[in-house]
Amino acid sequence: MQLGAGTESTVIVDIVFWAIAVSSIIAALAVVFLKDVFRAALFLVVSLMGVAGMFILMRAEFLAVVQVLIYIGAISVLIIFAVVTTRDMDDGSPFNALRSPVLVIVGLLLAGVTFVVYSTDWNLIDTAVSTGTVTTAAAEEMVVVFENTVPGIAGLLLTNYVLAFEVASIVLLASVIGALALLRKR
Amino acid sequence: MDIESFLLVGAIIFFIGLFGALTKRNAIVVLMCIELMFNGVNITAVAISRFVLPAAIADGTGGALTDAAQLVLTGQVFSVFIITIAAAEVALGLAIVISLFRNRDTIFVSDANELKH
Numbered sequence: 001m002q003l004g005a006g007t008e009s010t011v012i013v014d015i016v017f018w019a020i021a022v023s024s025i026i027a028a029l030a031v032v033f034l035k036d037v038f039r040a041a042l043f044l045v046v047s048l049m050g051v052a053g054m055f056i057l058m059r060a061e062f063l064a065v066v067q068v069l070i071y072i073g074a075i076s077v078l079i080i081f082a083v084v085t086t087r088d089m090d091d092g093s094p095f096n097a098l099r100s101p102v103l104v105i106v107g108l109l110l111a112g113v114t115f116v117v118y119s120t121d122w123n124l125i126d127t128a129v130s131t132g133t134v135t136t137a138a139a140e141e142m143v144v145v146f147e148n149t150v151p152g153i154a155g156l157l158l159t160n161y162v163l164a165f166e167v168a169s170i171v172l173l174a175s176v177i178g179a180l181a182l183l184r185k186r
Numbered sequence: 187m188d189i190e191s192f193l194l195v196g197a198i199i200f201f202i203g204l205f206g207a208l209t210k211r212n213a214i215v216v217l218m219c220i221e222l223m224f225n226g227v228n229i230t231a232v233a234i235s236r237f238v239l240p241a242a243i244a245d246g247t248g249g250a251l252t253d254a255a256q257l258v259l260t261g262q263v264f265s266v267f268i269i270t271i272a273a274a275e276v277a278l279g280l281a282i283v284i285s286l287f288r289n290r291d292t293i294f295v296s297d298a299n300e301l302k303h
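So the sequences go chain by chain: A and B. Heads up: the first sequence runs through residues 1 to 186, numbered per the working numbering. Heads up: the second sequence runs through residues 187 to 303, numbered per the working numbering.
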C-alpha cells in the first residue's frame, strides 16, 4: 500500500531525506556552538526549515505550513528581536562549567535512545496492511486520511481533544497577558 | 527512509538542544535550544503517527471506520499542541529575559542569582 504518492522509499527520496536531516543537524550544532548569538538565531531558522521539510516527507503538510508560519515567521522573529534588543552587552554565548559532564550524559542518553529505537519491534502500518492484519476497508480509510490530513486533524481537535484545545487557548491568553504585564513601563 | 531514521534524527536534534539548554549561559541561547528540543519531539510524534498502526485500528475498537482511521493523525494533533505551547513559552521566556536585562543589565542565567543570597 502507498499512503499517498511520494511516500515510497526511492533512492531520490532517501537522498532528499538525508540531505535535509544532515543540514538540520549541522544547523542545530551551529546554534549551540557559535559564539555570535545573532548568527545562532539565523542557524536556528535553518534547522526549523529542515524540520518543516521532514514534516513534508512524513505526509504532514499541514504541520509543515504551521511550522513555517509559527516557528519561522513568528518565533524566530521574536528571538531575533530579543537578540537585537539586548545586543549592547555583547559577551556572546559562552558555556558554563558543566560542559564536559553534560556532554557525556547526553551522549549516553542518545546512545540509549538509539538502542531502543533500533531494537523495538514497531507495529508498522505498511507491514500490517501487506500481511493482512487490518482489513482492506481500514487500509483504504487510512489512505484517505493521509491524502488530506487537514479534515482529520480538525476532526480530532474538535472531538477527542476538544478540552485540550480550549485549555491551549487559555494558555495562549495567559501568556499574552503575562508578557504584557512583565514588559509594561512602570 | 524508514521510521528508525526519522526517530534517530529527532533524537539527535533533541539531545543537541538538551546539551545546549544545560550548558549555555546566555538566556536567549537557552531558549533557542529549548525550541530545538521541541522540534526533536515534534519529529518523533509525527514519525510515530505516520508509521505506527494505532492499537484502536488493530483491535477494531476505534468505533466507526472513518473515526478509527482519523486516529493515525493523533501524533500530528500532539504536534499542533506542542507548537502552540512553544509559542506561548517563547513569548513569556523572552519577556522574562528582556525584563532581566532591564533590571540587572545582564542576560546570563548564571547572573540571575538573587534568590541565592
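It is possible that part of the hints are untrue.
Claimed, not checked - Taking beta-carbon pairs under 10 Å as the criterion, some of the chain A residues facing chain B (in silico):
1) D14
2) A40
3) A41
4) V51
5) T85
6) N96
7) G132
8) P151
9) G152
10) I153
11) L156
12) A174
13) S175
14) V176
Claimed, not checked - Between beta-carbon pairs, the in silico distance windows are:
15) B:A244 <-> A:G178: 40 to 48 Å
16) A:S119 <-> B:L251: 30 to 38 Å
17) A:D121 <-> B:N299: 46 to 54 Å
18) A:S100 <-> B:E190: 28 to 36 Å
19) B:A298 <-> A:S119: 26 to 34 Å
20) A:V46 <-> B:L251: 52 to 60 Å
21) B:N289 <-> A:V46: 14 to 22 Å
22) B:D253 <-> A:T133: 13 to 21 Å
23) A:T114 <-> B:L278: 28 to 36 Å
24) B:L301 <-> A:I15: 37 to 45 Å
Treat the hints as calculated values from the structure; they're not laboratory data. For every residue, glycine included, the Cβ atom is placed at its ideal position computed from N, Cα and C.
Quick rundown of the hints versus the structure:
1. D14: 5 Å, holds
2. A40: 6 Å, holds
3. A41: Since chain B brings a Cβ to about 7 Å from A:A41, closer than 10 Å, the hint holds.
4. V51: 5 Å, holds
5. T85: This interface hint holds because 6 Å falls under the 10 Å limit.
6. N96: Holds. Min distance 5 Å.
7. G132: Check failed: Cβ of A:G132 comes no nearer than 12 Å to chain B, outside 10 Å.
8. P151: Result: holds, 9 Å to nearest chain B Cβ.
9. G152: 4 Å, holds
10. I153: The hint holds - A:I153 has a Cβ within 10 Å of chain B, the shortest such distance being about 6 Å.
11. L156: 5 Å, holds
12. A174: 8 Å, holds
13. S175: 4 Å, holds
14. V176: A:V176 check passes; min Cβ-Cβ to chain B is 7 Å, inside 10 Å.
15. B:A244 <-> A:G178: 40 to 48 Å: About 43 Å separates the Cβ atoms of B:A244 and A:G178, which means 40 to 48 Å holds.
16. A:S119 <-> B:L251: 30 to 38 Å: 33 Å, holds
17. A:D121 <-> B:N299: 46 to 54 Å: Holds, since A:D121 and B:N299 (Cβ atoms, about 48 Å apart) stay within the stated range.
18. A:S100 <-> B:E190: 28 to 36 Å: Given a distance of about 29 Å, which is inside 28 to 36 Å, the answer is holds.
19. B:A298 <-> A:S119: 26 to 34 Å: 42 Å, violated
20. A:V46 <-> B:L251: 52 to 60 Å: 42 Å, violated
21. B:N289 <-> A:V46: 14 to 22 Å: Violated, since B:N289 and A:V46 (Cβ atoms, about 33 Å apart) do not stay within the stated range.
22. B:D253 <-> A:T133: 13 to 21 Å: 19 Å, holds
23. A:T114 <-> B:L278: 28 to 36 Å: 33 Å, holds
24. B:L301 <-> A:I15: 37 to 45 Å: At roughly 52 Å between Cβ atoms, A:I15 and B:L301 fall outside 37 to 45 Å, so the hint is violated.
In terms of the numbered hints stated before, the structure departs from hints 7, 19, 20, 21, 24, listed from lowest to highest.
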